[in-house]
Amino acid sequence: MNALTLTRLSANLLLVFGIAAVIVSILAGYPIEARYIIGLGAVAVLGAVTQFAVSIIKPRAIRPSWDEQTVASHRGSYQFGYWAALIGFWALFFLSQSRGVDANEALLWIGAVLICAPSVWMAIATFRGRAG
Amino acid sequence: MRTVGLDGDRDVPRACRVKQLLTTLKDHRQKAGLTQADLAELVDVSRKTINTVENGVFVPSTILSLKLARALKVTVEDLFQLPN
Numbered sequence: 001m002n003a004l005t006l007t008r009l010s011a012n013l014l015l016v017f018g019i020a021a022v023i024v025s026i027l028a029g030y031p032i033e034a035r036y037i038i039g040l041g042a043v044a045v046l047g048a049v050t051q052f053a054v055s056i057i058k059p060r061a062i063r064p065s066w067d068e069q070t071v072a073s074h075r076g077s078y079q080f081g082y083w084a085a086l087i088g089f090w091a092l093f094f095l096s097q098s099r100g101v102d103a104n105e106a107l108l109w110i111g112a113v114l115i116c117a118p119s120v121w122m123a124i125a126t127f128r129g130r131a132g
Numbered sequence: 001m002r003t004v005g006l007d008g009d010r011d012v013p014r015a016c017r018v019k020q021l022l023t024t025l026k027d028h029r030q031k032a033g034l035t036q037a038d039l040a041e042l043v044d045v046s047r048k049t050i051n052t053v054e055n056g057v058f059v060p061s062t063i064l065s066l067k068l069a070r071a072l073k074v075t076v077e078d079l080f081q082l083p084n
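Taken in sequence, the protein lines are chains A and B. The C-terminal residue of the first sequence carries number 132 in the working numbering, and the numbering is unbroken. The C-terminal residue of the second sequence carries number 84 in the working numbering, and the numbering is unbroken.
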C-alpha cells in the first residue's frame, strides 16, 4: 500500500469513526453540537491537505492510487454523497416540519452527511478492493 | 482449449464473465510468469485493479486494455472477448 493510499484510507477511516461516534453520542441522548461538525470538517480538510502534500512529495509513487478503478470509485463516492445529502435533506425537512426537530440540529446533520458520506463510500470501496 | 458452458446451451472459451465481457487476463498473466503486482507495476495501476479485472468485477478502459495487451505481448482480443 503506497503513501497516498494509506493517507487516504486513514483520513476516510477517521471520518467513519467520527460519524459513528457522533451517532453513538446522539443515541446515548446527547444533542448534536456544532463542535462535532467542526471537528469532522477539520479532519476532512486535514486529510485533503495531507493527501495533497503526499502527492507533491511522491508524484510518481502515487500514480497507482489514482488509477482508473480508483477514479471510478471516487466518482461513485461523490454520487453517493449527493444522494445521501438529498435524501437526508428531505428526511430532515419533513422531520423538522412534523416532529419538531430543531432546524439548527437538522443543519448540523446535513453537514455531517455531506462531510462523511463520500468517505464512508471510499473506505468501503478500499476494503472491497475497488480503490487503490 | 478448455471450455465452460456459461449460457447453458452453448460453450464459450474458458474465461471469467464480466457483465458483457469475457477475459482471459489471468491465464495470460500466469503464462507470462507475472504476479498481479508485477503486471500492475508494468501498466501503472494498483494490484487491486488487476485483481478486479481478472475477476470480472471491473471493466478496464480501452487505454488500460491496450497497456495490458502490450505488457503481456498479446492482442486486446486475446485478453478480452464479447460473449457472442
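Read the hints as simulated data drawn from the structure, not as lab findings. Please read these numbers as outputs of a predicted model, since none were measured by experiment. Glycine included, C-beta positions come from ideal geometry on N, C-alpha and C. Hints may contain errors.
Unchecked claim - Here are a few chain B residues that face chain A, going by a calculated C-beta distance under 8 Å:
{"#": "1", "residue": "His28"}
{"#": "2", "residue": "Gln30"}
{"#": "3", "residue": "Ala32"}
{"#": "4", "residue": "Leu34"}
{"#": "5", "residue": "Thr35"}
{"#": "6", "residue": "Leu42"}
{"#": "7", "residue": "Asp44"}
{"#": "8", "residue": "Phe58"}
{"#": "9", "residue": "Ser61"}
{"#": "10", "residue": "Thr62"}
{"#": "11", "residue": "Lys67"}
Going down the list of hints, with the structure as the test:
| no. | hint | verdict |
| --- | --- | --- |
| 1 | His28 | violated (19 Å) |
| 2 | Gln30 | violated (19 Å) |
| 3 | Ala32 | violated (19 Å) |
| 4 | Leu34 | violated (16 Å) |
| 5 | Thr35 | violated (14 Å) |
| 6 | Leu42 | violated (11 Å) |
| 7 | Asp44 | holds (5 Å) |
| 8 | Phe58 | holds (5 Å) |
| 9 | Ser61 | holds (5 Å) |
| 10 | Thr62 | violated (11 Å) |
| 11 | Lys67 | violated (11 Å) |
Hint compliance for this structure: hints 1, 2, 3, 4, 5, 6, 10, 11 are not met, and every other hint is.
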